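Engineer: Modelling step: build the complete structure from the supplied sequences, incorporating the hints.
Spelled out from the first residue to the last, the chains are:
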Amino acid sequence: MKDIGFHLLLFFFASAVVVVIGTFFSETDDRRAVAILPRRLFRFFLGSLLVLGIMLICEHTWA
Amino acid sequence: MSASHPKNPPGIPSVALLLGWFLPGAGHVYLGKVRTGVIAFLVVEGLYGLGVFLSGGMFLEYLPPEMRGRFSGLLTPEVGNLGALLAHMSHYGYGVGYPRPYPDLMDWGTTLTALSGLCNLLVLTSAHLAARRREPCLGPGPSPTLAASASLLLPGLGQFLQGRRARGLVIAVLLLSLFAVGCFLGGGSNLDRERHFYYWAGQFMLGLPALMTEFAFGHPRLSVEISYADGGVVLSSVAGLLNVLVMLDAFHYAEHGPESECDPIVSAHTATGSIATENKGGPSA
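Protein chains in written order, with numbering that gives the first Met the number 0: chain A, 0 to 62; chain B, 0 to 284.
Do not take every clue at face value.
Label pairs and their in silico Cβ distance ranges [what the hints assert, rightly or not]: (1) I53(A) <-> V95(B): 45 to 51 Å; (2) L152(B) <-> I53(A): 41 to 47 Å; (3) G46(A) <-> S226(B): 27 to 33 Å; (4) A15(A) <-> V33(B): 46 to 52 Å.
Keep in mind the hints are simulated off the structure, nothing from the lab.
Values in this document were obtained by computation on a predicted structure and should not be read as measured data.
Where is the CB? At the ideal position from N, CA and C, for every residue including glycine.
Structural biologist: Given below as structure tokens:
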């Protein structure tokens, strides 16, 4: 767990950029894009947490 | 050809696309736009020819031996100019079989060949659009190809020119800062096609900012290990690849305009006020 804080910071930054650009790509209307952005960010980070949980369970179970 | 008739498009889009992919400008010539085709051919092949001249045709020798396969060259930006790339691979291949010094202007040369591929991709989008467009429903600002080109030149510029200034600014700030963080983490080592052959292609999609940064701070001589070099090259590549979405967004908006205007049923009947009739009786072609 070297520099976990820095890695998390990089992850949040990069994924926020990916989600924002993805939202702009899927919505041509700026106001609608801004309106759905929080929900998309929430879903992305929730999904990431789920993947993290599954990976940790797999690691502790089989590794 | 009845190019001017709205019901008859000037050609088959996929044919225009394939012709232009193998021979730049051939798609436009097929559509009857000979002058545009000839100019496109001269520009795209001129860039490629100059690039090959400066690099001695050695850009595929950047690939380490274990990565040299039959299709390895097809994952480069040069693939946009497929005819030239195939001729290149056939003529130069992976070099003479042993390491040799690169020409002094190798970086410029490989940049130009990559630029040739990207330019031809934009020419292809123009040919495809011209072949399939019947009744244009264009958004504000420049044409779709120009809007995408502007976003390639500078992330968000296409959106800015379309009047979507807030979107353009947000895109520019986000992508450029992601790229800057990547360069900072990589200490500039990410800005080198020889070191990161395929990742470089991703960064290249960020356009002018990536090229300017590369020629200002790239190709550093490294004497110490950089802790986050891998993270740096990934982040800067992601920034470049996200710019492809930005270019597509600019192209789509320029072609279709705001969603309410590009809906064919709404746009066709807003003027006549016959939406209710349409819903009851169905479309009348």
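Engineer: Hint by hint, note whether the structure agrees.
Structural biologist: These are the hints, each one checked on the structure:
1. I53(A) <-> V95(B): 45 to 51 Å: holds, 50 Å
2. L152(B) <-> I53(A): 41 to 47 Å: Given range 41 to 47 Å: holds, Cβ gap about 42 Å.
3. G46(A) <-> S226(B): 27 to 33 Å: holds, 29 Å
4. A15(A) <-> V33(B): 46 to 52 Å: holds, 48 Å
Consistency note: the structure conflicts with none of the earlier hints.
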